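Since each chain sits alone in its own frame, please combine them into the complex, following the hints.
Residue numbers (our numbering), protein chains in the order written: chain C, 2 to 95; chain R, 20 to 236.
Derived by calculation from the structure, the hints in this document are not laboratory data.
Treat each hint with caution, since some may be false.
[Unchecked claim] Below, computed lysine to any residue pairings styled on SDA-like, alpha-carbon distance capped at 25 Å: (1) R:LYS88 with R:LYS156; (2) R:LYS88 with R:GLU74; (3) R:LYS25 with C:ARG54; (4) R:LYS160 with R:VAL83; (5) R:LYS25 with C:PRO41; (6) R:LYS25 with C:GLU92; (7) R:LYS25 with C:ASN25; (8) R:LYS25 with C:TYR67.
This structure is a prediction, so every number in the text was calculated from the model and none was measured.
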Amino acid sequence: MKDWSSTSRFRVTSSTLARSFGDNVALAHMSTRHFHLLNPTATLIWNSVCAGRTIGEMERNIAEQYNVDPAELSKSVDAVLTMLSSEAFIEIQP
Amino acid sequence: MITIHKLGVEVSYSAQELADLRRQFEKNDFIRLPNLIDSALLQELYSQIEASEWENRAHDGIGVEICLKDSDLVSLINFVFNDQVLFRTIQDITGCENIGCFQGRVYRMVPASGHYDSWHTDVGDDRLLALSLNFGKQPYKGGTLQIQRKTNEPLEVSNVQFGHAVLFRLSDNMRHRVTNVEGDIPKTAFAGWFKSSPDLWVRLAELSRKGREEPVS
Numbered sequence: 002m003k004d005w006s007s008t009s010r011f012r013v014t015s016s017t018l019a020r021s022f023g024d025n026v027a028l029a030h031m032s033t034r035h036f037h038l039l040n041p042t043a044t045l046i047w048n049s050v051c052a053g054r055t056i057g058e059m060e061r062n063i064a065e066q067y068n069v070d071p072a073e074l075s076k077s078v079d080a081v082l083t084m085l086s087s088e089a090f091i092e093i094q095p
Numbered sequence: 020m021i022t023i024h025k026l027g028v029e030v031s032y033s034a035q036e037l038a039d040l041r042r043q044f045e046k047n048d049f050i051r052l053p054n055l056i057d058s059a060l061l062q063e064l065y066s067q068i069e070a071s072e073w074e075n076r077a078h079d080g081i082g083v084e085i086c087l088k089d090s091d092l093v094s095l096i097n098f099v100f101n102d103q104v105l106f107r108t109i110q111d112i113t114g115c116e117n118i119g120c121f122q123g124r125v126y127r128m129v130p131a132s133g134h135y136d137s138w139h140t141d142v143g144d145d146r147l148l149a150l151s152l153n154f155g156k157q158p159y160k161g162g163t164l165q166i167q168r169k170t171n172e173p174l175e176v177s178n179v180q181f182g183h184a185v186l187f188r189l190s191d192n193m194r195h196r197v198t199n200v201e202g203d204i205p206k207t208a209f210a211g212w213f214k215s216s217p218d219l220w221v222r223l224a225e226l227s228r229k230g231r232e233e234p235v236s
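Isolated chain R, as found in the complex (with noise of 0.2 Å):
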């Protein structure tokens, strides 16, 4: 398992787990990291983002959704996940370049709203690897990750677990979008990439307000 905690992140998969976990990397194209966030924390940020105000948000030629407002909680949400024990774990079970940060964002895709998803590869901007977890506690219809590479078949990765996360390669062969969500429950994830840069202590003054960056002395 891996574990993000207040202070850290804990890793206590045995050799021979990682070891499976790089195979089904390599077969697969993603993997599941359950309960990536220990409940605790996992709770007092979903206490958060439930309180928090949503607005739209269109990617251009590519979907529709609405985004989490408090932009002071979702960099609250990208610390937690700028780790170099989590980066160092990822890099070892994927193959990937050197990960310099991670950078996400808090999304809905709300029933018959008119948000849905295009097929597209996120490839650029220093992309590596592309993470989403689960944030809502009750499981939702539709909203299912297809990657599909090349012209294979789309592979389905459903993802309806509270605090559950996917990770999955980005390449130029390589497209995925998430279907539209069915019923009455929306999906809320937060979703981003592992970058090869900005360097982690440079994300992590860029997530610090502004005037307090400045080291204490």
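Just chain C, with the same shape it has in the complex (with noise of 0.2 Å):
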């Protein structure tokens, strides 16, 4: 069950590590030693976190940039940001 809105925002956790490489971006968690490659869709999501952006920005952000539908890019927002908090990489700002 997600606990956030359109106009909640995450952050990055003390305990992740990040790698770009191009435009992909690799994760690795200090605690869990859990490593994670991002395809195109998450890494979008992952800066759009690192921006500071709300949910309802990065999606508008997304979807501003890319054809997408909005139905389908928000569950993908959705997927994304509960596999990055369930993996303790984001979690959402006071």
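Structure (structure tokens):
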């Protein structure tokens, strides 16, 4: 069950390591030692989190850049944020 | 300065400082990279290293040491060194060909334990340059890197400051070794090579855990 809304803002946790390679991003967690390679969609969302955008802002920003169905985009954003937060790479800003 | 952070690498050298480093490397075949990892990240990695177990490792005909047993932690440390900004800066300073990845290990040489190193080149396996970062907080005695070009007198490069690194050239004409560690304090270092291949993304995928390397959807 997600506990965020379109005005929620995430931040990167202090245990997260990130490395960029071209348009790709890889993440590692210092405590769990889990590693993830992000696909292009997840990378866009990661970059939006790093830029401090709210979920609404990131959906609008991505929709403006790419011709995507808003409902599908919203699902993708939710899925990526769920994964990133469940792996403790990001957390909701209080 | 080059500073490795959790979320990337920052290079704050001026153009003049980079030119000086290029000259130093060209002349001496090595440069020092002080405080290469930011202090918070360095301390976290140090704490994890100190809490880990070690295992004996013999390098055929070259030396004996103990290495960090925790392969996940070694992967984590390798992860922070596999950065394209770091690679571009090292290429700029050394003039080496395109760096594809960095691959290293954490080793410890304990005094009076039969740990030693012998002259070797490390050439092969796509290795371009070598780097050693000191992960010990207490200054050790001995454990000095010696670099020798052909029959010249070896250069002695000590590196006992916590978090400082030495970057040096690999070549068929050059060999290096680490002298025995003396006294009571062991030497602990993260050492490895900048390599031409595999490329960074392949390396990062290798570092990812099996079953977790599929891109998220």
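- [ ] Report the numbers of all earlier hints that the structure fails to satisfy, in ascending order.
- [x] As far as the earlier hints go, only 8 is violated by this structure.
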